[in-house]
Amino acid sequence: MTLLIGALTLGIILSLLALGVYISYRIFDIADISVDGSITFGAAVCSVLLVQNGVHPLWATLAGFLAGAIAGTVSGILQTHFKINPLLSGILVMTGLYSVNLHVMGRSNIPFLGTVTLSTYCEKLGNLVFGSNETLLLGWTVSTTDLMTLILMFLLVSSISLVLWLFFHTDLGTAMRASGDNPQMIRALGGNVEYYKIFGLALSNGLVGLAGALWAQYQNFADVQMGIGMVVWGLASVIIGEALAGTASVGTAIIGTIIGSILFRQLVAIALSFGLNPNDLKLITALFVFAALILPNMLSKLSVGKRKEVL
Amino acid sequence: MSNPKLNTDLNPKLVKLTDVFKTFNAGTVNEVRPMQGVNLTITEGSFVIVLGGNGSGKSTLLNAIAGSFPIDTGIIELDGQDVTQWPEHKRATLIGRVFQNPFSGTAPSMSILDNFSLAAKRGKFRGLSWAHSSNLQDELKDRVSELKMGLENRMDTAIGSLSGGQRQALTLLMATWLKPKLLLLDEHTAALDPKSADQVIALTDQIIAKEKLTTLMVTHSMQQAINLGDRIIMMHKGNVLHDVNANEKQRLRVDDLLSRFENVRRRELLDESVADLLRLRYI
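Line by line, the protein sequences are chains P and E.
Heads up: the first sequence begins at 2 in the working numbering, then just goes up one per residue.
Heads up: the second sequence begins at 4 in the working numbering, then just goes up one per residue.
Just so you know, these hints were derived from the structure itself, not from any lab.
Take the hints with a grain of salt, since some may be wrong.
Computed Cβ-Cβ distance ranges for the label pairs, DEER-style [stated by the list, open to error]:
no.	chain 1	residue 1	chain 2	residue 2	range
1	E	N57	P	N86	27 to 35 Å
2	P	G276	E	N104	28 to 36 Å
3	P	A293	E	L131	32 to 40 Å
4	E	S132	P	A293	42 to 50 Å
Nothing here was measured: the structure is a model prediction, and the numbers come from that model.
Think of the CB as a built atom: it goes at the ideal place given N, C-alpha and C, for glycine as much as any other residue.
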């Protein structure tokens, strides 16, 4: 049960990463690799503020969001003002951020031993609400800290999703969606596509940085390597979400992405508990995304004859 | 024949191009020179048809006015302002556009309502207010039902699932939702079947007449050129070759237009054969 709750919590935290990837990959049609750097950047900034400066965890977490947003802004400026290929600007930002992260952290790993983090608050709140360290849930004994963390992360991600959904239905958000869908059209309607792209990537990487800050606090350490392959992780979540919930509207896509992230984390936890070598995890994730990317094409090739008749 | 200058003096000039040059891929084998010192003025309220063969520079003319690319030299003025350095999205405050390709003018994966909420903010600041305001929804339903395409109850349908004719009709409605100073139509019926093309042309004529829009319309169809508009300009090799004003245009028949094109073509053939002759002799 503890394992299940743990996987669920991590899945929910990383759904913020998946939402970030959804914005860059689905709304703007950019495979933005800066994500690998910005998730660590968010974690790094948050951890240094917590451990070395004793900043309140809420502010440190918010700083993680801002750190990611700055990384995204840089990536966006490289793409728009300097006309660098999106893939390449992602690689540049990610590579540059590796050194930046090491400088920010001062070493490759920062443990949070004895530091006040959001987890500390979850523990206190858990004890307060349930009255003890442990409680019974469906006949299982679970730690109230874990349970409280899960509940709070769920509430946080739900409210962020709601804000995102609302945002993408405002004039600005609608124009941003259109600039990914048909840039020529939105330019002709007076939209500044370059500005929307920078703003969108800032938002996307901000969410990723926030995921990094929360992730670090959840696992009680930040590591300079924690971002490696996370963009593929996000893609896997987005793709699972689309397969389950469809792409009919922004709302279903957002919900699908969160479910995708949770489900993917559960699958990984199950596979690991059945003895999957953790070293193979990234390879399997990559193979999974590969399969998900080519399958729709292969399926449509099979049915292309049918479609021609209809047309 | 009346003096065309008379018109320009009575009505303010809305569009003025002075010595506009544009070369694409300069210095390569793919060099194209679609604008060779174009001079053109369009008075407010006139409906100008642009004719010309392939590569004559007519679409480039529209794109240059809309700001799709920077011009090499020359000045473009719109509504009394020098817009030569304005980016495309800024010029959109003055210009409504419909493209040749029905896929260009709308965001395919977004709903009809989404698309119109974008059009309702053409050239305006886009902030955090709710895009689907109830005012917009009501007005949209009225206007779309006037199209008689049965789309009024399909506001949440993704626009990409509609036919080319429906999309062009909607794009036209979007481009004119906020009255533009200038409407640019770039062969907007060329990709449609004849029936849809007729529908869209009828709608075009109706909207332009009702809103008294200053319009620049590129077409391949001689019949459209004869039936619509109050002035025809013929482009050739990056320049305005003929300029037919309103009085002259009334007497114009399709045959007249064709014969003018034939003249151009004959001259062209002569030019090229002479060029070949010279090449044979001297190279």
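Structure-based check of each hint:
1. N57(E) with N86(P): 27 to 35 Å: holds (32 Å)
2. G276(P) with N104(E): 28 to 36 Å: This hint is violated: roughly 55 Å between Cβ atoms.
3. A293(P) with L131(E): 32 to 40 Å: Roughly 34 Å apart at Cβ, these two residues keep to the hinted range, so it holds.
4. S132(E) with A293(P): 42 to 50 Å: Between S132(E) and A293(P), where Cβ atoms are some 37 Å apart, the hint is violated.
Checked against the numbered hints given earlier, this structure breaks hints 2, 4; the rest are met.
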